[in-house]
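Model the full structure from these sequences, guided by the hints.
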Amino acid sequence: MASQARAVLWDLGHTLVDWNPARVYRELLPDDDAVEAFLGGVCTMAWHSRHDAGVPMAENRKPLIAAHPDKADLIRAWDERWPDMFDGWVDGMEALVEDLESAGVPQFALTNLPAEKWPHIQATYPAIARFQTAVVSGREKLIKPDPRIYQITAERISTAPGETVFVDDRAENIEAARREGFLGVVFKDAETTRAVLRGVGLPV
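Each residue of the sequence shown is one higher than the one before, counting from -2 in our numbering.
The hints are simulated quantities; they were obtained by calculation from the structure and are not laboratory data. Some hints here could point you the wrong way.
Listed next, the in silico BS3-like pairs over lysine-lysine satisfying Cα-Cα at most 27 Å (straight line) [what the hints assert, rightly or not]:
1. K59 with K114
2. K68 with K114
3. K114 with K185
4. K138 with K59
The following block contains the structure:
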């Protein structure tokens, strides 16, 4: 990666914030096998991706409840207990974000997230709420790695893509960002990310 970075564009879930729906369902179901079966066969990531793409949770759950009426309360819990799916920051990432902020480095977010849940993120993570720009997939009705969401992001942030490091835990999202001109790094952990950002000239 060329040493010309001026800003950081962050993914949120599994990069900055620790999100795991299993946290809720371990409380509601009898054992890990039942949790795995429910998340693998009812409230799946493919089903959840429609929330990220802009479908309201109240609307998206109706056909799922019709198909699984005996699991209606569990399905509604995805929305009703959303905050309980989070457990703070990914280790070390709050300090990294704060160090960048203290150094005056512009920070932005590009997240696959339901539009209706963005206020929860803002209230729970004030440092993220202070980012200059946040592109939320549910608002745009586009999800990563659709190239159009990177193009929208490039139009809204204050730095050029070639000066902006995108950090995301999914390789396909990084590859799509690079095709749109962003610098990119697949997230592994805070220490590795800090080293990469330092290596491209950012003061961390």
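Hints versus structure:
| no. | hint | in the structure |
| --- | --- | --- |
| 1 | K59 with K114 | holds (19 Å) |
| 2 | K68 with K114 | holds (23 Å) |
| 3 | K114 with K185 | holds (25 Å) |
| 4 | K138 with K59 | holds (20 Å) |
Checked against the numbered hints given earlier, the structure satisfies every one of them.
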